[in-house]
Structures are given as C-alpha cells and as structure tokens.
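Undergrad: Spelled out from the first residue to the last, the chains are:
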Amino acid sequence: MTSDVLRYVPSPGRYDEVVDADGTTRPTWQAVAKALGSFDPAVLLERQRQADRLLDAQGTGHLVHEISLAPDRHGVTAVARSVSHPWRLDPVPLVIEAPEFRRLADGATQRMRALAALLVDLHGPRRLVTEGVLPAPLLHSIAGYRPVSEHAPAGPWLVHYALDVVRDAAGVWHVVQDLTDSPTGLGYSLLNRTVLARVVPDGLRTLGVAAVNDHADTLRRALTAAAPAGLRSPRAVVLTAGPADPTYVEHSYLATRLGLHLVEAADVVMRAGRLWLRVLDGLEPIDVVYRRVLDARLDPLEPGHLGGGSGVPGIVWGATGGRLTLANGYGAGVAEAPELAPYVVEAARHLLGEFLSLPLLQPDAALGSSPVFVGDDAVPFAPRPVVLRMQLARIGDEIVVMPGGAGRVLAVGDDPRRPTAQVVKDVWVVGSGVRSRPVPVNAPPQVDFGGSVPKRVADALYWLGRAAERSEVATRAVRVVTAQLLQDPMLSTFEDGAWAVGVASLLRAAQGVPSAISEYEGSSAELVSRELAATCTSAAGQLAALVQEATSVREYLSTTTGRVLGRLARAYPLFVGAATQADDLDTVLVDLAALSGLMMESTVRGPSWRFLDLGRRLERALGVLGAVEASMALHLPPMAQQPIADAVLGANESLVAYRRRYRSEVDFQAVLDLLLRDDANPRSLAYQLDRLREHAAGLGWSGGAALVERASVNSLATIDREVVNGRIVSLDAFVLGVRGPLLELAAAIVQRWFADPVNPTLMRGH
Amino acid sequence: MARRYRIVHRTEYQYGRPMADGFTTTHLEPREREHQHIVSVELAIDPAPDELERSLDALGNPVTRFAVHRPHTSLVVESTVVVDVGLQPVPAESPPWEDVALLAMAARDDLANELGPYLAATFSTPFLPELALLTEHEFTPGRPIAAAVSGLCQRMFGAFAFDAGFSDVTTPIADVLAARRGVCQDFAHVACAALRSLGLPARYVSGYIETMPSPGEAKLFGVDASHAWCSVWAGDQGWLDFDPTNDQMPPMNHITVGWGRDYGDVAPVRGVVIGPSGTQTLAVSVDVVSENRQ
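So the sequence lines, in the order shown, correspond to chains R and S. So the first sequence is residues 3 to 768, counted in my numbering. So the second sequence is residues 382 to 675, counted in my numbering.
Hints were generated in silico from the structure; no laboratory data involved. From the three backbone atoms N, C-alpha and C, an ideal C-beta is built for every residue, glycine too. There may be inaccurate statements among the hints.
[To be verified] Okay, derived cross-link-like pairs now, SDA-like style, lysine to any residue, Cα gap no bigger than 25 Å in a straight line:
1) R/457 / S/401
2) R/457 / R/550
3) R/36 / R/22
4) R/457 / R/261
5) R/457 / S/461
6) R/457 / R/560
7) R/457 / R/603
8) R/457 / S/472
9) R/457 / R/670
10) R/457 / S/398
11) R/457 / R/132
12) R/457 / S/431
13) R/457 / R/705
14) R/457 / S/657
15) R/457 / R/608
16) R/457 / S/454
17) R/36 / R/133
18) R/457 / S/659
19) R/457 / R/750
20) R/36 / R/261
[Stated by the list, open to error] With beta-carbon atoms standing in for the labels, derived distance ranges:
21) S/545 / R/702: 24 to 30 Å
22) R/145 / S/487: 21 to 27 Å
23) S/545 / R/398: 54 to 60 Å
24) S/672 / R/287: 48 to 54 Å
25) S/435 / R/298: 42 to 48 Å
26) R/231 / S/436: 19 to 25 Å
27) S/592 / R/419: 40 to 46 Å
Next comes chain R alone, as it looks inside the complex:
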C-alpha cells in the first residue's frame, strides 16, 4: 500500500497517520496535501532549509555554537559541531483532527488533576501508603522524594504540566511519560510554529489550524493566578540554571514570549521570607518563580541537593512561608518518577474516584507511524513513530490545553521517552471546535520591573559592549594590514623593516598588549605574519566572549540580533589556522557593524543599553589610544610614515574622513587631531569621552561623571602638552595623562555597579 498523495510506504500492520489499513489516504490528508501545495521533495527540501535558517535566526544556532566554542569533553571542537543543528523541523506537520484532539485533551486534563491530587497526598497524609495502594519503600526510595509535609505550597502543585503521548500499532493513544518537575517543550513548540508559519503560511490558513501562540499568555496568567493571595500585581520571573543548561534556548525564548525577566540563581536572594531580584540599585521583590531548574538543583540547603552550591539557598524554606510561589511546587518532580507511573491509574481511582482515560504505554509496545521527510529522491518519506508532547497550564481551577504541541520523531530502536532523531514535527489541530480558550480574567497585568536591570545583566551587557568593540578593533587591524600587504607585498621589507615594525606594533595594540617593538626574531616578514596570526587568535577569543556574554542576556537584545550572533559564532573558525581571507574578514566586519547598528537602533535607551554602550565607548577610547601610542612610539623614517598613518587611520575607520577633510598626504599632526581631539569623528577619543559623560549623567552616577570630567580635562591638557608637530614628546607622560584616567574609570564602573560577587559556596560538612 502506497499513499497516492505522498510517495510513501507505511509500515505494514501498523496504524499510520496518513494511510489507512486499506492503503487509502485518509480524507484529512487529501485536504492537507492540497493546503501544503506540494509534496515534491525538492520543494520540501527547500522548506526544510528555510526552517533551518529561521530556527538559527531565533537564536538556536548561536546558543548551540556558543556551547561548543570550547572543546567539550568528547574532544569535539567548535568546527565539528557548528555545522549541526539543535533540531530539525520536519516540513510536514503531524495533523490531528479536532474531535480526536479534544478526547486527548480531556484525557490529559484528567491526568493533570490526578497528578496534582497525587502530589497533595504524597506530600501530605500519604493515604496511598497508609491504605496500601503504594508500597512505602517504593515511594521513599524515589530519588528526590522527601516527605516535606510541613507546609503546603502557596500555589497549586502543578501550574505547568506536559505529557508525552503516542499511538500504538492499533492507533490508540497511550501515555509515554509525565513532565511535572520543570516541563520542557512549550518554548520549542511556539518556536516551531512561528517557523512553520513562515515556511507554509497558506497551509495554516487554508486548513484552519488552531493557533498555539495564545498559550504563552495562558501560562503567564496561570503564573499570576498562582501568586500568593492578596497581591494586586504579582511579579513573576523565569528561573534558569544559565546558558550551560541544555534547554537554555527555550528558557530564553519563553522569557521573551512571557515578557518576564530571565534570572539565574545569582540574580536573586532570599531574605526575610521573600525572594528579591538584585537590580542595579538594590533589591526588588519577586512573588512567583517559574522555575526551569529541577527540584534536585533548586536549593543547596535541602537534603538530597545535587550540584554543590548551585541553586538559590533558602528558596524552599522561603516558599513555605506563603509569600513566594514556586511553579511548579518544590517536590512536584516526584509525580514524573517512572517508578510511580504504574500506580497512577490506581491512585486516581483511589483519590478522585476516576478512571483515567489514557492508558500507560507498555514497554516494547509496537507503535503507529507517521511519514517523516528524509529527503531521499526515490523514497522521500520514512514511516516513524512520533511522540506528541502536549502542554497544559492551570489557571485557578481551570486547566487549559494548548491545541498543538511538538511531535518528537523516534529513530529506529529509540526509547519513546528519549528520542534521538533530533527531528520535530509541528502539531496541527484542524477542524472546528478546538481553540485555546483565553480565559477572560480581570486580574491585574503582570507589572514590569520597569527600568530595573539585574546586576548580572548590566555586567554582561557592559562586557558584551567591550568584547564587540575589541573584536572589531582586532579584525579591522588584521584587515587593514592584510590589504596593504596584498597591494604591495614588498612592504614587509620596506625601509629596512620599518613598515613591518610599525604595523606589528599596531597589531599588538589591537590585541590589547600595547608594547612598542624594538627588536624581533627572524625576518621582518615573519614578524608581520606572526603578529597577524596572534591578532586573529585574539579576535577569535573576543568573538567567543561576545557570543557568550550575549547569550546570557539574549532577551535584552533585539530579536534580529540572534541571527547576527549565529553568523559571528560560525565565523570563529575563520580566525583559527590558515591565512585568513580578506573577504571573510569583511564579512565579519559587516556582521559586527550590523550588531553595533542593532545595539544602537533596536535597543530601548534604558539603563541596560547604557551599560552596553558604556562598554563599547570605553573600549573604543582605549583602542584608539592603543593605535596612537603604538605608532607614535616609533621613530619612523619619513618614507614609512605614509603607509603607517594609513594603517592607523584605517584601523580606526577614519581614513575616508581624513582624506575628505585634508585632501593631502598624511600629516601626523592632522592624524592625531582627527583621532584624538575631533569630537565630530565618531571614532575619536573626544567623541567617546562625550558619550561616556552622557552615560554617567544618564545613570545618575555623580562619581562617574566626575571621573569622566577628570579624564576629559586631563587628556586634553596632556594632548596639548605632549603632542607637538605630529610627535609625542614623552610617551610615558601621554599614557599617564590620557590612558590612566580611562583605566581608573573602568575600575570604578566595576566597583560601583558590579562589585558584589554572588557565588554561592557550600559550607563544608564534617
């Protein structure tokens, strides 16, 4: 039997989503085929590639790259892994008809209520044990089960619940597993839909596919509804373990969709029975924690905690005081323990008097299948089981099921709980009658933290700004020197190596190690290529730092930024190893310029932006000084002055400005004026000082303003005194008077804004 719509042969004797037992294409799929337009492999391949690109742009790309920048424990380096995708979206969705989905949703809702009742019992009276339903040793041996019966949680046990279901070979839906601790997949589902909606917009419209994006609002309302009683406008945050968490992409994406702060353990502190967010100027209270950190890693004070001092100390104790809701409650993870699964049906009967409509999947049960696009011209589709992950949220007493989900494709031999195929299908619920019901609530809206910026975020943004500028300085220096060499290969031995020494000094400055070169080993050509390679390595390190810092503050950057970061992460290998191509360098420079543009034009001018720009301005001021110091320190023969001055101007993006203004051969005094004193040149020192002054004022930081003022006055006086006729009289005096105050400012920024080290340390036992 072969589908007449797809070129596809399902597995014989097993339920298939598209083809029925007689080999006929199911009626829905006739409509799906029409709506999708074509099942032509070439078209589908193009769609899949488009989906890859879109997923990448949403940030999944650079997050995966970021993690792989350092060689991992398998010895796989960045280069090897950066070509892979975190997951691929199948261009053909899993389609479920509304009446069928409604039955599934009812079963899932019933199960969520049952698991909530189970949690109340297991963390309370334990009737299931005292009445002999559940063997006590089994319960107490579940890793992570602690009889924390002292206090009930302030909110419901389960605010968010996810459930994996799959069809068996007969077509009957079965439960694969429950996710109650920190359910994953909602963010991925929303992301997948966003992507597929771009790839096949007509399909969704024509078929009337139920929208899933409401579910983010549903979850936000659910979190608000779970807040401690009596709050007019509760504040919720998303708690993550940080970028090292394998599901960080989802945390970051969800936080953005929910409009909530994404916080790490170091961002919050428990005091006086409340949880507080560390913001730039003190602490702000938090009422609800949507935790994406597992029970076992939540609180280092709790017995059975894994992961040393990680987590938020005291948060579990604090939550029992009734002024903080953990969603889900601490200990909710017990309900997903595989040991308990065989008892859930009996528990539901015992506790609720209900018979659960969805049966549990037996190990080794034969499963149904769905066509999965494999891209082969002859056999474009393979029959594979697909596990559907459903998402549920509880608002007060009501449970809302997202009409859709993620279809996780199983590879041959996969445990349905842990698919390895890394292929996901979007799930389309078609036909009337299933909508996510936005519950009309009059609850006050989630209050934004306004201008509040967590300290860690300000810290990361500041270093992001600095890393962005430093990668640009290093890349451009390499680009300029490479270009000069390309045009005139004789330069490397020009004037007895004078040019080589000049650009080598410039390259060193770009690496952040300003030291004038007087002696060197080997030929002058070797000196240049050695410094070029070192500058490339430095640029690669700065790019890595840039991507890393950006990843931890992703939700503060515009959505397009993810696309640029993905490209920059992939550029990393360009700087390692063989000669770097000018074209590649240009691409990186364009991406860095795009990033800079996004930071300037697509970021709200709040305190977070100020820290980003503060870092960039400070680094640029130091960068231009480095170039000036490096080139001025040398006593260049007159013939070498022209190409060196060109290089200094080029490395600081000021060559065009110079030529337009002076229309002359290079005169060093004019070069220095343009780079140091000219406040109309956005690359000059004076310009950076003006921006730094604005930022200090904007932050209301009088200490900083005073430092900028001093730096400004000192450097102008020093420049007037020490720069004469295109030469620096005393380099030491110049550095002391100009660079000194800037370094002082840099230290003051860290001291004033980021100084609190907040690493939790486990006190040693005895």
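Fit chain S to the given chain R structure using the hints.
TA: Leaving out everything else, chain S in the frame of chain R:
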C-alpha cells in the same frame, strides 16, 4: 538510672573574605525519646542571625534554620545541651526477623507512614548485593530479630576497621564495603542498608557518644565528635538501637540528636554562603561531659 550529660558542640567557619549572605540549617537540638529527656538547649550563633526559625522537620526532628544578611567573615554555631539519658533495655525475647519484615510490609495507617522512610534505599543506603555477606549468616530462619541484629553488629565490628582518614560524608558505601574501613557514619549507612534490603525498617541515628578516658587520666575536652549509629524496628518491641562502630547493643553513653533515612536528613550543620570565593576553613569540637557519673 539516668545519666545527665552536658554537650557543647561548636562549629566554626572562617571564610577568609566577607560574605554578603549566609544560610544555615542545623540539626543540633536533641529530640525527646523514651529513654531520653531534654533538660535544656541553648544555641549561640555569632554573628547574631537576622532571621531564625525553629521547627520540626518532616521526620519529627527539631530543626533550626537561620540566615545572616550582612557582611561577615566567620560563623560560629555553638549548641549547649543538657540531657538525661537512661539505658534502653534489650528485650529478652523478640519476634523472628522474618515476622518483623512481614509486619513492616503489611503495615497500614499511621504505622505505614512511621516505617516507610526507614525502608528506603537512598543514595547513601543503596541495596548492594555485597550486603548479603554481612547478613546471610546472622539472619537465619526464625532467629529473633534482637539476636540477629546483635550478631550483625558484632560481625561488622570485626570486619570493618575504624579509619578517620578514609572517608568523608560523600563516600559511597560501596567503597566502604570494598575497603572494609570507614567511620561511624559509614557503618551506620551500611547497617541501615543491610537491614532495609531484608525489608527491616532501620533508622540512621545522629548524636554523640561519651568516650571514656583511660583509668587515671582526666577526660580530654574537644576530642569527641558527633556520632552515628542505627536503630531497628522490632515490631511490638519498638525501636532497638545498636552501634556497629563500637559493637554495642544497647548503646551505652549515647545521646540521640535525631534520626532519618541517612546522614543527609540529619546533617548537624548544613550551609551556604554567598560572596567572593575565599579560603574556607572549618573547625568542629564536641565536648561530652557526664555530670553525675554513677
């Protein structure tokens, strides 16, 4: 005849650098039990905590949690406890151990909840097959549980060497079984795991022991440490304590602080500080003084 003990348990942390916040959970206050009466408890904390809460944990042990929210470079927790301890007699007759296991398995109502935690295989008390080597010759068919446990206690005392340098609180019992050495916490974990793997409820008991000076010598201060042993459920006979480290059943000179499934449930002091990384040092001393030796 009860003995009165005065125990001073002092824990001192030096952090090297100022910490912004410190959170501590302590199981230092002894609980009342049949043969033990608490006369007084004092907990001195320096610096004085900004918040403190005393409650009973889920297993009925007194727990004190406190936090310091201002810069501090050290923390001293000193508990001073006065307690009267009587001898817990070992019953002359006790039921066959298999009957106890059956009773435990069939337990319902409150008894099911009372015994449940102490039947668990936890991270520290896994049911390893090697445990059978310790139990198979003692838990013979029909043997009264008190006799079998006493035999286990004796066997363990003979088989394991006390070695303070061998293990710490994170050493798995598999290592202890393989090396045949460890400290009291390890032996208590081994005994609990051995009994529970037979279906017998066993508690990990945390507390103190008075070490006797040699005749003619003055008792030394500060040499005693916190101690751990075991308690087995013997059906109608209730819970019977035994100390595999010292081969004592019943234990003599033992002061109970609390009990749990394993060390993690009743760790005396557990804490987290937030601040710069420094060089943390820890000093612990326990003084147990008998106030009216008979």
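Undergrad: Run every hint past the structure and note whether it holds.
TA: Hints, verified against the model:
1. R/457 / S/401: 15 Å, holds
2. R/457 / R/550: 17 Å, holds
3. R/36 / R/22: 18 Å, holds
4. R/457 / R/261: 19 Å, holds
5. R/457 / S/461: 42 Å, violated
6. R/457 / R/560: 20 Å, holds
7. R/457 / R/603: 23 Å, holds
8. R/457 / S/472: 63 Å, violated
9. R/457 / R/670: Judged against 25 Å, a Cα distance of about 43 Å means the pair is violated.
10. R/457 / S/398: It holds: about 21 Å lies between the C-alpha atoms, which stays within 25 Å.
11. R/457 / R/132: 49 Å, violated
12. R/457 / S/431: Holds. Residue 457 of chain R to residue 431 of chain S sits at ~24 Å (cutoff 25 Å).
13. R/457 / R/705: At roughly 18 Å apart (the allowed maximum being 25 Å), residue 705 of chain R and residue 457 of chain R satisfy the hint.
14. R/457 / S/657: 15 Å, holds
15. R/457 / R/608: 14 Å, holds
16. R/457 / S/454: Holds. Residue 457 of chain R to residue 454 of chain S sits at ~23 Å (cutoff 25 Å).
17. R/36 / R/133: 57 Å, violated
18. R/457 / S/659: 22 Å, holds
19. R/457 / R/750: 15 Å, holds
20. R/36 / R/261: This hinted pair is violated, its Cα atoms lying about 37 Å apart.
21. S/545 / R/702: 24 to 30 Å: This hint is violated: roughly 58 Å between Cβ atoms.
22. R/145 / S/487: 21 to 27 Å: Taking Cβ atoms as reference, residue 145 of chain R and residue 487 of chain S lie about 26 Å apart, which means the hint holds.
23. S/545 / R/398: 54 to 60 Å: 57 Å, holds
24. S/672 / R/287: 48 to 54 Å: 49 Å, holds
25. S/435 / R/298: 42 to 48 Å: Given range 42 to 48 Å: violated, Cβ gap about 26 Å.
26. R/231 / S/436: 19 to 25 Å: Because 22 Å falls inside the window, the suggested range holds.
27. S/592 / R/419: 40 to 46 Å: Taking Cβ atoms as reference, residue 592 of chain S and residue 419 of chain R lie about 52 Å apart, which means the hint is violated.
Going down the numbered hints, you'll see the structure goes against 5, 8, 9, 11, 17, 20, 21, 25, 27, while the others check out.
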